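**Q** Using the sequences plus the hints, can you model the full thing?
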Amino acid sequence: MKTLIIIPPKDFRDETVSMSILILGKWGVAPVIGSYTKDGRECVGAHGATYKPEVNATKLTSEGYDSLIIADGPGVETYKLYDFMPLSNLVKDFINNNKIVVAIGNSVKVVARANVVTDRKVSAPKDEEVSRLIRIYRGKESANEMEYDKHLLTAKSNHSIELVLNTMLENMGVK
Numbered sequence: 001m002k003t004l005i006i007i008p009p010k011d012f013r014d015e016t017v018s019m020s021i022l023i024l025g026k027w028g029v030a031p032v033i034g035s036y037t038k039d040g041r042e043c044v045g046a047h048g049a050t051y052k053p054e055v056n057a058t059k060l061t062s063e064g065y066d067s068l069i070i071a072d073g074p075g076v077e078t079y080k081l082y083d084f085m086p087l088s089n090l091v092k093d094f095i096n097n098n099k100i101v102v103a104i105g106n107s108v109k110v111v112a113r114a115n116v117v118t119d120r121k122v123s124a125p126k127d128e129e130v131s132r133l134i135r136i137y138r139g140k141e142s143a144n145e146m147e148y149d150k151h152l153l154t155a156k157s158n159h160s161i162e163l164v165l166n167t168m169l170e171n172m173g174v175k
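Numbering (our numbering), first residue to last: 1 to 175.
In case anyone wonders, no lab produced these hints; they're calculated from the structure. Note that the coordinates shown come from a computational prediction; the quantities given were computed from them, not determined experimentally. There's no promise every hint is true.
To be verified - Under the rule of at most 27 Å between Cα atoms (straight-line distance), these lysine-lysine pairs were calculated in the DSS-like manner:
1) Lys99 with Lys59
2) Lys92 with Lys175
3) Lys175 with Lys99
4) Lys10 with Lys140
5) Lys92 with Lys121
6) Lys80 with Lys140
7) Lys99 with Lys80
8) Lys92 with Lys126
9) Lys10 with Lys92
10) Lys10 with Lys52
11) Lys121 with Lys140
12) Lys80 with Lys2
13) Lys140 with Lys150
14) Lys126 with Lys175
15) Lys80 with Lys126
16) Lys150 with Lys126
17) Lys92 with Lys150
18) Lys52 with Lys80
19) Lys150 with Lys59
20) Lys175 with Lys150
21) Lys99 with Lys26
22) Lys80 with Lys26
23) Lys121 with Lys99
24) Lys92 with Lys52
25) Lys2 with Lys99
26) Lys26 with Lys38
27) Lys52 with Lys26
28) Lys121 with Lys52
29) Lys150 with Lys26
30) Lys126 with Lys140
31) Lys121 with Lys80
32) Lys121 with Lys38
33) Lys99 with Lys150
34) Lys92 with Lys2
**A** Structure (structure tokens):
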């Protein structure tokens, strides 16, 4: 099994990515780092962690992957990942193929803008822009720290990353 982890070129939340890699590896799920950098340059986290993307996510599909994690952090805003069509199309592809998509913190904007939140419960950070997008795309904002609804797993913040990853693994049939 493989999980694609999408990170911004800079300023992703290091803890989200490192914890994802650790827990996925523990359960035998191969983490694959993808980003939108040119020439395979290293991506640098908000606290200095570096990862060299294994794949350029521009032309990816869900084929060969079992789930998708979109890392949170300031880089989501800096690079406006929520406006990047290849990422929106990738999110739709995963959802349309009944594969789990995980969005944490401000990366919830990405799934909202990809228009996959319709009639789904969505857990999102307290942010007026995120709330507005969830309403526009007819999602149901939840007060819970985490929500799993029809292959979409969302969390308010990375504080619940272990719970999020365990829920993802359970729904993938790994745990």
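**Q** Is the straight-line distance between the alpha-carbon of Lys126 and that of Lys140 27 Å or less?
**A** holds (14 Å)
**Q** For a C-alpha distance cap of 27 Å, please report whether Lys10 and Lys52 respect it.
**A** The given pair, whose Cα atoms are some 11 Å apart, holds under the 27 Å limit.
**Q** Mind checking the alpha carbons of Lys10 and Lys140 for me, to see if they're no more than 27 Å apart?
**A** Roughly 31 Å between the alpha carbons, so the hint for Lys10 and Lys140 is violated.
**Q** Is it true that the CA of Lys92 sits at most 27 Å from the CA of Lys121?
**A** holds (17 Å)
**Q** Is the straight-line distance between the alpha-carbon of Lys80 and that of Lys126 27 Å or less?
**A** holds (18 Å)
**Q** Lys175 and Lys99: Cα distance at most 27 Å?
**A** Status holds; Cα separation ~16 Å.
**Q** Lys92 and Lys175: Cα distance at most 27 Å?
**A** Given pair Lys92, Lys175 holds - Cα atoms ~25 Å apart, limit 27 Å.
**Q** Need the status of pair Lys121, Lys80: alpha-carbon distance at most 27 Å?
**A** Status holds; Cα separation ~23 Å.
**Q** Can you confirm whether the C-alpha distance between Lys175 and Lys150 stays at or below 27 Å?
**A** The hint holds at about 19 Å.
**Q** Within 27 Å, alpha carbon to alpha carbon, are Lys126 and Lys175?
**A** Cα-Cα ~31 Å, so violated.
**Q** So if I understand the rule, the pair passes when the alpha-carbon distance is 27 Å or less; does Lys52 with Lys80 pass?
**A** holds (20 Å)
**Q** Check whether the Cα positions of Lys26 and Lys38 lie no farther apart than 27 Å.
**A** violated (31 Å)
Of the numbered hints given earlier, the model fails hints 4, 14, 22, 26, 28 and 32; all others are met.
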